[in-house]
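*Asks:* By the UniProt record's numbering, the letter at position 289 of the sequence shown is numbered 289, and the numbering carries on one by one without gaps.
Be aware that one or more of the hints could be misleading.
Stated by the list, open to error - Cross-link-like lysine to any residue pairs, in silico, SDA-like; alpha carbons within 20 Å at most:
no., residue 1, residue 2
1, 244, 147
2, 420, 324
3, 244, 116
4, 256, 147
5, 221, 324
6, 244, 324
7, 324, 222
8, 244, 268
9, 420, 279
10, 399, 82
11, 362, 321
12, 244, 141
13, 362, 320
14, 221, 240
15, 244, 120
16, 399, 413
17, 256, 389
18, 420, 235
19, 221, 235
20, 227, 397
21, 324, 240
Stated by the list, open to error - Here are the in silico distance ranges between beta carbons for each label pair:
no., residue 1, residue 2, range
22, 336, 481, 53 to 59 Å
23, 437, 468, 33 to 39 Å
24, 204, 99, 19 to 25 Å
25, 446, 93, 44 to 50 Å
26, 305, 152, 25 to 31 Å
27, 549, 517, 16 to 22 Å
28, 174, 548, 41 to 47 Å
29, 508, 481, 42 to 48 Å
30, 305, 135, 28 to 34 Å
31, 475, 93, 36 to 42 Å
32, 123, 174, 29 to 35 Å
33, 135, 337, 29 to 35 Å
34, 505, 477, 39 to 45 Å
Quick caveat, the hints were computed from the structure, so don't treat them as lab data.
C-beta atoms are modelled at their ideal positions from N, C-alpha and C, and glycine is treated no differently.
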Amino acid sequence: MLRIVNINRNVRSIRRYRQIITVLGGYGLGHLLEYLNLGQVVDFSRRVFRRRSPVAEHLTPPERLRLALEELGTTFIKLGQLLSTRADIIPASFVQELAHLQDKIPCLPFEEIRVQIEHELGVPLEQRFLHVEPEAIAGASIAQVHRATLITGEDVVVKVRRPGVVEAVETDIDILMGVALLLERHMARSDIYDPVGVVREFSYTIRREMDLTREGHAIEKIRDNFKGDPNLYFPRVYWEATAKGVLTTEYVEGIKVSDICAIEAAGLDRREIARRGARAFLEMVLEHGFFHGDPHPGNVLIFKDNVICLLDFGMVGRLDPAVKRYLTDVLVAVINRDVEGLAYVIVEAGDAGETVNMQALKKALAEFMDSYLEIPLKEIEVGRMLMEFIDLISTHRIKVHPDLTMLVKVLVVVEGMGRKLDPDFDMVGHLRPFLEREFRRQRSPGRLFQEMEQGVEGYLTLARNLPRDIKEILNKINRNKFRIDLEHRGLDRFSKELDRSANRLCLSLIIAALLIGSSIAMQGNRGPMLWGFPAFAFFGFSCAGIVGVWWMVAILRSGRL
Numbered sequence: 001m002l003r004i005v006n007i008n009r010n011v012r013s014i015r016r017y018r019q020i021i022t023v024l025g026g027y028g029l030g031h032l033l034e035y036l037n038l039g040q041v042v043d044f045s046r047r048v049f050r051r052r053s054p055v056a057e058h059l060t061p062p063e064r065l066r067l068a069l070e071e072l073g074t075t076f077i078k079l080g081q082l083l084s085t086r087a088d089i090i091p092a093s094f095v096q097e098l099a100h101l102q103d104k105i106p107c108l109p110f111e112e113i114r115v116q117i118e119h120e121l122g123v124p125l126e127q128r129f130l131h132v133e134p135e136a137i138a139g140a141s142i143a144q145v146h147r148a149t150l151i152t153g154e155d156v157v158v159k160v161r162r163p164g165v166v167e168a169v170e171t172d173i174d175i176l177m178g179v180a181l182l183l184e185r186h187m188a189r190s191d192i193y194d195p196v197g198v199v200r201e202f203s204y205t206i207r208r209e210m211d212l213t214r215e216g217h218a219i220e221k222i223r224d225n226f227k228g229d230p231n232l233y234f235p236r237v238y239w240e241a242t243a244k245g246v247l248t249t250e251y252v253e254g255i256k257v258s259d260i261c262a263i264e265a266a267g268l269d270r271r272e273i274a275r276r277g278a279r280a281f282l283e284m285v286l287e288h289g290f291f292h293g294d295p296h297p298g299n300v301l302i303f304k305d306n307v308i309c310l311l312d313f314g315m316v317g318r319l320d321p322a323v324k325r326y327l328t329d330v331l332v333a334v335i336n337r338d339v340e341g342l343a344y345v346i347v348e349a350g351d352a353g354e355t356v357n358m359q360a361l362k363k364a365l366a367e368f369m370d371s372y373l374e375i376p377l378k379e380i381e382v383g384r385m386l387m388e389f390i391d392l393i394s395t396h397r398i399k400v401h402p403d404l405t406m407l408v409k410v411l412v413v414v415e416g417m418g419r420k421l422d423p424d425f426d427m428v429g430h431l432r433p434f435l436e437r438e439f440r441r442q443r444s445p446g447r448l449f450q451e452m453e454q455g456v457e458g459y460l461t462l463a464r465n466l467p468r469d470i471k472e473i474l475n476k477i478n479r480n481k482f483r484i485d486l487e488h489r490g491l492d493r494f495s496k497e498l499d500r501s502a503n504r505l506c507l508s509l510i511i512a513a514l515l516i517g518s519s520i521a522m523q524g525n526r527g528p529m530l531w532g533f534p535a536f537a538f539f540g541f542s543c544a545g546i547v548g549v550w551w552m553v554a555i556l557r558s559g560r561l
């Protein structure tokens with residue numbers, strides 16, 4: 001049975017490979033392989049890809065990539081959305097364009113959705129709902145949303161995962177991992193870009209997003225973090241009508257945060273809404289370390305009394321204590337314009353490689369600081385400033401934590417909404433109290449004692465395990481089982497050139513042997529004759545001539561004599 005499943009999966013992969021190649025070729029994206037230094041794959045792609053669409057001729061490369069990802073569907077749309085948060089690994093023009101990816105496809109008929117709901121909940125629809133609206137109110141590549149009424153009478157929205165999406169995504173993840181392994185072998189600076197790590201991060205994210213129960217738990221976790229705060233509201237999750245492929249939450253109505261006219265007509269305070277939103281977001285990040293990863297205006301509603309309601313928790317970000325401390329130290333150094341301190345933070349965080357030129361890094365950081373020197377703090381856009389900072393350090397071969405890049409993108413969106421609500425919106429002013437509080441907390445005697453205790457505990461663990469580890473090493477040496485693995489990097493190109501040279505040498509010997517043998521046969525005048533010449537000699541000279549001419553043409557076309 002397992003073999004049949006694997007065969008079906010391999011067949012799906014082959015079909016998907018062909019579809020991917022066809023779509024990419026149609027948008028003329030073979031040059032991306034050249035950008036990744038995959039010359040042989042480029043040569044193959046030029047023979048396999050279909051002719052470029054006339055529409056693609058008038059589009060920029062980022063636009064062509066965005067359209068190709070949208071055409072390839074769920075997995076690649078989500079991958080593009082992830083890459084749009086990774087300014088440290090793709091150019092800024094691609095980041096800006098991928099941010100416009102549209103995750104909207106036609107909704108499925110209600111009969112298919114009904115079957116999916118019943119399959120996920122394990123009971124007939126009527127046992128959970130009095131009524132479900134046949135027309136979807138929203139749709140995306142992973143799920144679509146319908147209004148409904150529970151059997152107990154509550155108005156709800158039902159988010160239903162599309163049938164077959166899990167299998168399609170798993171196939172695409174296998175393909176992406178294969179491509180990532182290829183890139184890791186051939187792409188320059190793969191240790192910085194870490195394509196395999198990006199695919200692993202992406203697969204973890206999209207699998208969590210497809211499990212709708214995780215979104216329900218995220219709603220409840222953030223609601224518990226803000227328990228007792230009357231300024232925020234989170235929709236209730238109805239677990240009796242929720243499963244991995246179905247999420248049922250409370251239906252709420254409010255004013256979209258982007259609808260300024262409606263906010264003013266309702267008599268709400270735009271400045272207060274901006275202040276509350278900024279403080280809520282900063283508290284999520286710097287206090288809780290768990291934040292909403294997609295707070296675009298469509299996911300933020302405003303109720304009476306300036307209460308803010310957040311929707312759609314399918315994408316969330318997490319900052320562990322180490323990353324939170326790194327972020328705090330970076331922001332403090334930037335706001336205080338401390339170049340030495342900022343460089344020290346970057347190096348101490350362990351994200352800088354051995355080849356980092358510290359002198360050049362400090363010079364670039366000083367220029368970065370100088371660009372904000374004349375700007376009043378209240379006019380600084382913190383999100384865009386951090387985006388520039390990430391772009392700067394990535395050019396110096398310094399890795400950036402993925403959740404940190406997501407945070408920066410979210411911060412840009414939050415700041416944009418704040419400035420639209422309040423032209424005098426000051427993110428630095430809202431940020432400063434949180435930074436000061438976090439800075440004091442990190443350096444409090446209790447925290448320092450806790451870190452010292454953890455350090456001592458680590459050394460004690462090392463001391464306990466050291467005799468056993470040494471004994472294990474000595475036993476392996478005595479049994480001739482001790483092995484040291486060495487990884488040679490940068491030898492792939494040398495090996496290919498060596499193989500090419502050996503092949504040319506062998507071909508030269510073959511041509512030489514044909515010429516010598518044919519010359520000997522020519523002198524013998526024996527065997528069948530052709531136009532007065534020995535046939536074997538004529539055949540040998542002809543083969544040598546054809547192979548020799550073909551070989552010379554191949555060398556001239558390669559441009560390397």
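*Asks:* Hints first: check each against the structure and report whether it holds.
*Replies:* Results for each hint:
| no. | hint | verdict |
| --- | --- | --- |
| 1 | 244 <-> 147 | holds, 19 Å |
| 2 | 420 <-> 324 | violated, 28 Å |
| 3 | 244 <-> 116 | holds, 11 Å |
| 4 | 256 <-> 147 | holds, 18 Å |
| 5 | 221 <-> 324 | holds, 19 Å |
| 6 | 244 <-> 324 | violated, 31 Å |
| 7 | 324 <-> 222 | holds, 17 Å |
| 8 | 244 <-> 268 | violated, 38 Å |
| 9 | 420 <-> 279 | holds, 16 Å |
| 10 | 399 <-> 82 | holds, 16 Å |
| 11 | 362 <-> 321 | violated, 26 Å |
| 12 | 244 <-> 141 | holds, 16 Å |
| 13 | 362 <-> 320 | violated, 27 Å |
| 14 | 221 <-> 240 | holds, 18 Å |
| 15 | 244 <-> 120 | holds, 7 Å |
| 16 | 399 <-> 413 | violated, 23 Å |
| 17 | 256 <-> 389 | violated, 32 Å |
| 18 | 420 <-> 235 | violated, 25 Å |
| 19 | 221 <-> 235 | holds, 12 Å |
| 20 | 227 <-> 397 | violated, 42 Å |
| 21 | 324 <-> 240 | violated, 36 Å |
| 22 | 336 <-> 481: 53 to 59 Å | holds, 55 Å |
| 23 | 437 <-> 468: 33 to 39 Å | violated, 44 Å |
| 24 | 204 <-> 99: 19 to 25 Å | holds, 21 Å |
| 25 | 446 <-> 93: 44 to 50 Å | holds, 47 Å |
| 26 | 305 <-> 152: 25 to 31 Å | holds, 28 Å |
| 27 | 549 <-> 517: 16 to 22 Å | holds, 19 Å |
| 28 | 174 <-> 548: 41 to 47 Å | holds, 45 Å |
| 29 | 508 <-> 481: 42 to 48 Å | holds, 46 Å |
| 30 | 305 <-> 135: 28 to 34 Å | holds, 32 Å |
| 31 | 475 <-> 93: 36 to 42 Å | violated, 57 Å |
| 32 | 123 <-> 174: 29 to 35 Å | holds, 34 Å |
| 33 | 135 <-> 337: 29 to 35 Å | violated, 55 Å |
| 34 | 505 <-> 477: 39 to 45 Å | holds, 43 Å |
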